[in-house]
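S.K.: Could you slot chain E onto chain Z? The hints should help.
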Amino acid sequence: QKVSREVLEHLEHLALVDFRDAEGVQRLQKAIQFAEQLQEVNTDGVEPMDSVLEDRCLYLREDDVTEGNCTKELLENAREKVEEYFVAPPGNIPLPKLGERDTFLQGS
Amino acid sequence: VALRGCGGAWRQGWQQSAGRARPGPSPGPGPGPGVSPRGQRTAACSARGGAVPAGKSGLAPWVPVVGLEIHAQISSNSKLFSGSQVQFAAPPNSLVSFFDASLPGTLPVLNRRCVEAAVMTGLALNCSINKKSLFDRKHYFYADLPAGYQITQQRVPIAVNGSLSYSLYKDNKMSQMVTKTVRIKQIQLEQDSGKSLHDDTRSQTLVDLNRAGVGLMEVVMEHDMCCGEEAAAAARELQLILQTLGSSQAVMAEGQLRVDANVSVHHPGEPYGVRTEVKNINSIRFLAKAVDYEIQRQIEELEDGGTILNETRAFDSKLGCTVPMRDKEGKQDYRFMPEPNLPPLILYDAKSLPANMNHQQVINIDWIHERLPDLPSVKREKLVEQYGILPEHSFTLLNEEGLAEFFENVVKQTRMKPKKVIGWVLQDLLSYLKQRSLTVKESPVSYFLLADLLNLLEKEEISSTAAKHVLAELWKGEGKTPLEIVKEQKLQLLEDQKELEQICQAVIDRHENE
Chain Z
1 QKVSREVLEH LEHLALVDFR DAEGVQRLQK AIQFAEQLQE VNTDGVEPMD SVLEDRCLYL
61 REDDVTEGNC TKELLENARE KVEEYFVAPP GNIPLPKLGE RDTFLQGS
Chain E
1 VALRGCGGAW RQGWQQSAGR ARPGPSPGPG PGPGVSPRGQ RTAACSARGG AVPAGKSGLA
61 PWVPVVGLEI HAQISSNSKL FSGSQVQFAA PPNSLVSFFD ASLPGTLPVL NRRCVEAAVM
121 TGLALNCSIN KKSLFDRKHY FYADLPAGYQ ITQQRVPIAV NGSLSYSLYK DNKMSQMVTK
181 TVRIKQIQLE QDSGKSLHDD TRSQTLVDLN RAGVGLMEVV MEHDMCCGEE AAAAARELQL
241 ILQTLGSSQA VMAEGQLRVD ANVSVHHPGE PYGVRTEVKN INSIRFLAKA VDYEIQRQIE
301 ELEDGGTILN ETRAFDSKLG CTVPMRDKEG KQDYRFMPEP NLPPLILYDA KSLPANMNHQ
361 QVINIDWIHE RLPDLPSVKR EKLVEQYGIL PEHSFTLLNE EGLAEFFENV VKQTRMKPKK
421 VIGWVLQDLL SYLKQRSLTV KESPVSYFLL ADLLNLLEKE EISSTAAKHV LAELWKGEGK
481 TPLEIVKEQK LQLLEDQKEL EQICQAVIDR HENE
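Going line by line, the protein sequences match chains Z and E.
Reading the first sequence from the start, the letters are residues 1 to 108 in the UniProt record's numbering.
Reading the second sequence from the start, the letters are residues 1 to 514 in the UniProt record's numbering.
Excised from the complex, chain Z in its bound form:
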């Protein structure tokens, strides 16, 4: 079962991922196939496990101020800054529609 072009485009929008070439899409297909094997197991009446941590104790921290005050270090990695603010584009720039951008999915 192939993954439809609509789904691929939707995924690219959601995850801001670029499948780039046939191999990328193949990898996705294989991952889905791998996960689908779960459907073969009858899990009626069985509580799902969230993670292997689920029986661990969730550690509770005391409400003390122990971090922060490292503005300079944080801004070191910023490509652009304005007076100790990070600079970002104005709002979300939506990924252009399939027809408008240069992507592998166009040709498929």
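Just so you know, the hints here were simulated from the structure itself, not pulled from any lab data.
Below, computed lysine-lysine pairings styled on DSS-like, alpha-carbon distance capped at 30 Å: (1) E:434 - E:480; (2) E:195 - Z:81; (3) E:170 - E:289; (4) E:195 - Z:72; (5) E:351 - E:131; (6) E:480 - E:412.
A short, non-exhaustive set of chain Z residues, derived as facing chain E with CB atoms under 10 Å: (7) 57; (8) 81; (9) 89.
Backbone N, C-alpha and C define an ideal beta-carbon position, used for all residues, glycine too.
M.R.: What follows is chain E alone, placed relative to chain Z:
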């Protein structure tokens, strides 16, 4: 606000939207599309107490449906999952840890105080506290969300199925109160995002992560409300409860309490209409306006044969209307997944308390319950019972910060019956304060000055009219005592029979001459 006048403004308004849209409303359990048949003209739903009046020409009236999603910032020293400080107005990016900035290799560590705050709030709202609750990731892209997801509680939140009772004045008369209840769907713990400052001139956004990671309690109120007044009263009561508990300072002006309204309309007996989400509401007063505007807008739109879009709208307080927050992303898919770095949150009660666990790691729901302070509703009842005042009076006393305390202090210092004192506190004192926009704390007339004055009145040393005059003098804050003012202005009631006769005779004589 005349709808027609605003209609033009809001049709253009989307170009000057109040802010950038965050990803749109979650596709919730869908209400059906409710489009009214063409040509129905109806009166608007009464804004009072939910009664739905018959429309013009006997056609079906509209039933507005209002729910609220309220985010309350938890009052704590440090953030929900990190040790950086929680403080309003600090130099940008100074209260940010590596985890808050989502630098690789950092992990969330849950703050005990935040959990306690959520439990207290859940108990105060009559919720069932989930002894096991889970954390999830809600994914969306936005500059002030560095991780690309928010840690929240989508599957199993910390508290569910509660209720909140609130009161409002019946039919706009300030004399009779009616009590209503709204169901609390749930309370969940989640992270706040950072702040975006939009610089449209330079086409950029400045991001400050000081607020990123601050603990929030999201309180979801079911769509049991029917108008702006109810929504405002419910939100106000929640605000008072949170302030009484101390779980949040809930100051709307500082963003510690943020209210989003979900609004739809439908005809009685028909399925619910499409709902819109209204954001950017900055005060309780604006909440009422925003909800009422949106109800009207939807009714008019449907009556004109239009449809309501399931969208997010921003309230524009200057124009008094709601405008679409257009972000071209379309419907959001948040791709919820369990937060892999946090095991379930387990809470205990007296019965289930584990024997050999470190105290600091255990949260006991019963222990917290025993230590809850008196909630506003209980305080009001106590005031009514103890002092014989009306429920409306105690409502007003608790609605103003410090007023109940002021009243009780005056009562303690004077022999005057509380039922009489309340009139002086609510009518004379409070109206003075309101006229000059002063808080009780800022009152130039302290409780002992007022008590002194009321004592003079009670002992019949001055008349009621004179007392009001003295109060006006005291208001100037010149430091004089009531007795001093009475003496200065010779306001004492005369008791000497002879003196009174002389004065009366003099008046009669004067009139005879005229």
